[in-house]
Amino acid sequence: MGQSTTTRRRFLKTASVAVAAPYVITSTALGGDGIPPASDRIVMGGIGIGNMGRGDQGNFLGRKDVQYVAVSDVRRGVREKSKGKVDAKYKNSDCQLYNDFRELIARDDIDAVHIATPDHWHAIMVIEACRAGKDVYCQKPESRTLREGPLMVAAARRYSRVVSGGSQRVLQDYRKVVNSCWGGEMGTIKSINVNVGPLSKECNLPGSDAPDDIDWDLWLGPAPWAPYNAARCSGSFSTSGNSWRSYIDYSGGGMTDWGAHHFGGATFAIDVRELQPTEVVYEEEGGKNYLTFRYPNGKLLYHNKPGRGNLSAEGTPDETIDAKPVPTYKGTGGIYGDFIECVKTRERPFRDIELAVNTVTVAHLGIIAYTLQRSLKWDSENQQFPGDEEANRFLDRARREPWQL
Amino acid sequence: MLEQTFEALKKYDWGQDPKVLKPINDALISTREDDAARKQLEASLTAILTDNVPRAAKDFVCRKLRTIGTDHSVSALASLLADKDLSHMARYALERIPTSGAAKALRDALSNVGEAQQVGIIGSLGVRQDADSVAILGGMLESSSPLSKAAACALGAIQTAAAARALANSKHPAAIDASFCCAEALLANGKRLDALAIYSGLAGDEQPKQIRMAATRGKLACLAKK
Chain V
1 MGQSTTTRRR
11 FLKTASVAVA
21 APYVITSTAL
31 GGDGIPPASD
41 RIVMGGIGIG
51 NMGRGDQGNF
61 LGRKDVQYVA
71 VSDVRRGVRE
81 KSKGKVDAKY
91 KNSDCQLYND
101 FRELIARDDI
111 DAVHIATPDH
121 WHAIMVIEAC
131 RAGKDVYCQK
141 PESRTLREGP
151 LMVAAARRYS
161 RVVSGGSQRV
171 LQDYRKVVNS
181 CWGGEMGTIK
191 SINVNVGPLS
201 KECNLPGSDA
211 PDDIDWDLWL
221 GPAPWAPYNA
231 ARCSGSFSTS
241 GNSWRSYIDY
251 SGGGMTDWGA
261 HHFGGATFAI
271 DVRELQPTEV
281 VYEEEGGKNY
291 LTFRYPNGKL
301 LYHNKPGRGN
311 LSAEGTPDET
321 IDAKPVPTYK
331 GTGGIYGDFI
341 ECVKTRERPF
351 RDIELAVNTV
361 TVAHLGIIAY
371 TLQRSLKWDS
381 ENQQFPGDEE
391 ANRFLDRARR
401 EPWQL
Chain X
1001 MLEQTFEALK
1011 KYDWGQDPKV
1021 LKPINDALIS
1031 TREDDAARKQ
1041 LEASLTAILT
1051 DNVPRAAKDF
1061 VCRKLRTIGT
1071 DHSVSALASL
1081 LADKDLSHMA
1091 RYALERIPTS
1101 GAAKALRDAL
1111 SNVGEAQQVG
1121 IIGSLGVRQD
1131 ADSVAILGGM
1141 LESSSPLSKA
1151 AACALGAIQT
1161 AAAARALANS
1171 KHPAAIDASF
1181 CCAEALLANG
1191 KRLDALAIYS
1201 GLAGDEQPKQ
1211 IRMAATRGKL
1221 ACLAKK
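Chains as they are written, first to last, in the numbering used here: chain V, 1 to 405; chain X, 1001 to 1226.
In case anyone wonders, no lab produced these hints; they're calculated from the structure.
Mixed in with the good hints there might be a few duds.
[Said to hold, decoys possible] Pairs of lysine-lysine residues, derived as PhoX-like cross-links and limited to a Cα-Cα distance of at most 20 Å, are as follows: (1) K1022/X to K201/V; (2) K1039/X to K1022/X; (3) K299/V to K330/V; (4) K344/V to K1209/X; (5) K1019/X to K201/V; (6) K299/V to K190/V; (7) K85/V to K64/V; (8) K91/V to K81/V; (9) K190/V to K81/V.
[Said to hold, decoys possible] Chain V residues, not near chain X, derived (Cβ > 12 Å throughout): (10) P37; (11) L61; (12) K85; (13) A154; (14) Q172; (15) T278; (16) P296; (17) N304; (18) P306; (19) P325; (20) V326; (21) G334.
[What the hints assert, rightly or not] Covered by chain V, per the in silico footprint, the following chain X stretches (three or more residues, Cβ under 8 Å): (22) 1053-1066; (23) 1076-1088; (24) 1095-1101; (25) 1123-1134; (26) 1177-1189; (27) 1192-1205; (28) 1212-1224.
Where a beta carbon is used, it is the ideal one built from N, C-alpha and C, also for glycine.
Make the full structure from the sequences, and use the hints.
Here you go:
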């Protein structure tokens, strides 16, 4: 890619502005000892450095081909802790901190950002970063509404950005079922089932004064105003009420959170990653509701179908078909290495944003079907529920001013 | 049962268990095939908007009217657009009510609300791809920064030829991405020369690298054989 001297100049220029002391070209900047010179490193910043962001940061920070220079988080304590980690790694005090992500994105020395805020922020940040010419690694689930997905893809393609979704489990955790399905020994794959939940719910937690440590208005961002409550904004992985993952305004609950993993693995296994369903059938069996997603090639994806295990695929056992090569990561270092390698080569990553959006679309369609308690037709080309005025109201939700996509 | 729930709704505030309002949520589904019951439900919800009730109650009502609101609730929702606390939740419903009455209410409110609320309304008009607001939005492109940015983004979402023309002379940075959005839509609709003109205007050396690349790719797409 075009990192080369341009990146080096930009990096050195910003570094010299960012610190008051005269900039000294260190041995780290020059490379050596297996460390590439600064000109060959991807300059990165992180936005949202809570639970998932901290892990993502650690993975990028541990790479010799990454120069990590900035952190944005609306919690002061999180920012400062994160800076300590970065500065300790580089043995300097250069990591710059931002409350407002827009200031980080505006830096022209930064090549790529990773985003791990609550889900209601993802689309705005990804699109803004693409407009500013940044490559993006965005945690899953990548969107909060159906309308957001195609806009994220369009921004990535418009500005030729490398944008990776964030589920490391799609390839790593479900390798066995993927290999079985792609290996041919199961014959023609007809269906697969995903067990995941629950859906998020409306939040009416009591309010209290927000601590000085958090910019509460910026945490809420495009979501409806609500009073501060520690459980409302907790980054706990729970979806049972004590985290933002439990609530509609910020998350689709387990359906999108773990759903991004499971639906991602399932659609990979039955090889429909590049498609979206044409129909979601709301079904009932033994007093329990479940969903059947129909794909245009006839394959079926079930959600919570009674009697079917998670990621259990159904093939044609009497038939053996030719094996297909299973796509995998590029570079080294799992999904993070895949992203960085693609930033260098300008290839599309394993969890390219279009594939990631196709996955989260399944979850969003499912949420709407369960909410309306009925079946839905889906026109993926036009991103509409054809002739279905009631369902089309759920394509998006108004963003609190001043936020737009 | 529903009457009791509406009485509870009038006192609904942050910290109360949302389960007390479950009968209303259930009614959103059960009245789907019953026009009279649905109209009554909408009327009961709408009445809350003009009552002196907690903010959380009106927040709840707006969420429900997003799903079942019609022109019958537009006026009450529009009356909240100037309220800095409730403007967003009024849009939460109005943005998704697919009637010309809801669009008109949003357009009409633009001249009666503060700048922050104007920015929100402009965004909603963009999401609705409201072609009738192009002239109004075009007139805002040279106003204060928050308004001009919002107007540019909205025109980029509306994506008509008129929206593209309105954006053509804007100097706001947000007009660049908005113009690309319009060009992509024009190209998809076969208006290659119109799209080519937009891309050519954005390909200058003064633009950042990612803008020049996007413009060049767009020009190539316009010139490609069908």
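Please check whether the stretch 1123-1134 of chain X has three or more residues whose CB lies within less than 8 Å of a CB on chain V. It holds: at least three residues are needed, and the stretch 1123-1134 of chain X offers 4 whose Cβ sits within less than 8 Å of chain V.
Check whether the Cα positions of K1039/X and K1022/X lie no farther apart than 20 Å. Roughly 19 Å separates the two Cα atoms, so the pair holds.
Verdict on chain V covering the stretch 1177-1189 of chain X, criterion of 3 CB contacts below 8 Å: holds (count 4)
Holds or violated: K85/V and K64/V, Cα atoms, limit 20 Å. It holds: about 16 Å lies between the C-alpha atoms, which stays within 20 Å.
Verdict on chain V covering the stretch 1095-1101 of chain X, criterion of 3 CB contacts below 8 Å: It holds: at least three residues are needed, and the stretch 1095-1101 of chain X offers 4 whose Cβ sits within less than 8 Å of chain V.
Check the non-interface label on Q172/V: least C-beta distance to chain X beyond 12 Å or not. Its Cβ never comes within 12 Å of chain X, the nearest being 32 Å, so this holds.
Confirm or reject: P296/V is not an interface residue toward chain X, with every Cβ-Cβ distance exceeding 12 Å. The assertion about P296/V holds, with a minimum of 21 Å to chain X.
Since V326/V was said not to touch the interface, does its Cβ keep a gap of more than 12 Å from each Cβ of chain X? Label holds. Min Cβ-Cβ 31 Å, cutoff 12 Å.
P325/V: least C-beta distance to chain X exceeds 12 Å? 30 Å, holds
Check on N304/V being off the interface with chain X, judged by Cβ distance over 12 Å: 19 Å, holds
Assertion that P306/V lies farther than 12 Å from chain X (Cβ): Since the minimum Cβ distance to chain X is about 22 Å, P306/V lies beyond 12 Å and the statement holds.
K299/V paired with K190/V [C-alpha distance capped at 20 Å]: 5 Å, holds
Hint check: violations occur at hints 3, 9, 13, 27; the rest are consistent with the structure.
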